[in-house]
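Position chain Z relative to chain U; hints supplied.
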Amino acid sequence: MYNRMVVSVQIALDHDRIFGALGDATRRDIVRRAIDGEEGVSELAAHYPMSFAAVQKHVAILERAGLVSKHRSGRRKVVRTNPQGLRVARRLLDRYEKLWRERVERMSQLIDDSPKEVDR
Amino acid sequence: MTVTAVRKDPQSRTMTLEAEFEASLERVWQLWADPRQLERWWGPPTYPATVDAHDLRPGGRVEYYMTGPEGDQHRGFWEVDEVEPPHRLVFRDGFANEDRTPNTELPMTTARVTIEEMGGGKTRMSIESEFPTVEAMEQLTAMGMEEGLTQAVGQIDAILAEVPVARRL
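Chains U and Z are the protein sequences, given in the same order. Under my numbering, the first residue of the first sequence is numbered 1, with each subsequent residue one higher. Under my numbering, the first residue of the second sequence is numbered 1, with each subsequent residue one higher.
Chain U extracted, bound-state conformation (with noise of 0.2 Å):
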């Protein structure tokens, strides 16, 4: 049990950057530019109307919360979504399912508890 309660304030943690990531509308639309992987940040900085300090303290933040990272392609130095961060994301989704495999569990235990039904 108690190993339990670290794993899970362990993820909650992790859960906590990641959102805090996500919770700006720039950072999203980073995650989202980098997906090809093909800008470094300052391209990426051209397309904001922000300082270049600006957008870099914001690619920090997301290399920080793992859902970007820096890559060297040749010369340059580019910024590229890391999947794996995304499918944290996705996985969010993941526990309302939970919630709501867990409601209709519930929901057919009742219906089996409950009397049969006769000449419905």
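Please keep in mind that the hints were generated in silico from the structure rather than gathered at the bench. Mixed in with the good hints, there may be bad ones.
Unchecked claim - Pair ranges (Cβ atoms, derived): (1) Z/Glu84 with U/Arg72: 25 to 35 Å; (2) Z/Pro102 with U/Tyr48: 29 to 39 Å; (3) U/Arg64 with Z/Pro48: 55 to 65 Å; (4) U/Lys77 with Z/Pro58: 29 to 39 Å; (5) U/Glu105 with Z/Glu98: 52 to 62 Å; (6) U/Glu102 with Z/Met118: 17 to 27 Å; (7) U/Phe52 with Z/Glu70: 26 to 36 Å.
What the hints assert, rightly or not - BS3-like cross-link-like pairs, simulated, lysine-lysine; straight-line CA separation at most 25 Å: (8) Z/Lys122 with U/Lys98; (9) U/Lys57 with U/Lys70; (10) U/Lys77 with U/Lys98; (11) U/Lys57 with Z/Lys8.
Every value quoted in this text rests on a predicted model; they were computed, and no experiment measured them. By construction, the Cβ of each residue, glycine as well, lies at the ideal position given by its N, Cα and C atoms.
Showing chain Z alone in chain U's frame:
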């Protein structure tokens, strides 16, 4: 296995779940239409729901609270959009403050429930949940995470409660 299909689409922010029951159409409809039945499945065992308003008509509201292991209460409500007994129910599901006013900081999800007869005494139910925005999806699923944590804590409490020491709940 009751749940027969689940489709998740992060693009349209929907999750569709299909289930089959060995019961009549009416019986499955009662799970939603009878507040006493609804409160037996809506909340998890550690957070049972109590439904204290249940007006299942277009424009009507269903109100409930869930009670946690610490006696903590969490209010929620539905805003009913469409009702066609015993086949269809559409509602928006939101969180409320203690005084029953909607908690506008938390997003609402739309649920579309369809119930249909399959023959052979079986009934199919499908529930489509739609998150209003990606942000909402993130916010709600993050809360689910918290709920998971709270449940883990609740399990510890349950074990402690079994230890033969005088303990008032």
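Hints and how they fare:
A hinted range of 25 to 35 Å for the beta carbons of Z/Glu84 and U/Arg72 is inconsistent with their spacing of about 60 Å. Look at Z/Pro102 against U/Tyr48: about 35 Å separates their beta carbons, and that is inside 29 to 39 Å. For the hinted restraint 55 to 65 Å between U/Arg64 and Z/Pro48, the CB-CB distance of approximately 39 Å leaves it violated. For the pair U/Lys77 and Z/Pro58, the supplied restraint of 29 to 39 Å is violated, since their beta-carbon distance comes to about 57 Å.
Between U/Glu105 and Z/Glu98 the CB atoms are about 30 Å apart, so this pair departs from the stated range of 52 to 62 Å. In this structure the supplied range 17 to 27 Å holds for U/Glu102 paired with Z/Met118, their Cβ-Cβ distance being about 23 Å. Distance hint check: the CB atoms of U/Phe52 and Z/Glu70 are about 49 Å apart, inconsistent with the given range 26 to 36 Å. For the proposed pair Z/Lys122 and U/Lys98, the alpha carbon gap of about 23 Å is at most 25 Å, so the pair holds.
Under the criterion of a C-alpha separation no larger than 25 Å, the hint pairing U/Lys57 with U/Lys70 is consistent with the structure, at around 14 Å. Of the supplied pair hints, the one linking U/Lys77 and U/Lys98 is violated, its CA atoms being roughly 40 Å apart against a limit of 25 Å. For the suggested pair U/Lys57 and Z/Lys8, the alpha carbons sit about 32 Å apart, so the restraint of at most 25 Å is broken.
Hint violations for this structure: numbers 1, 3, 4, 5, 7, 10 and 11, all remaining hints satisfied.
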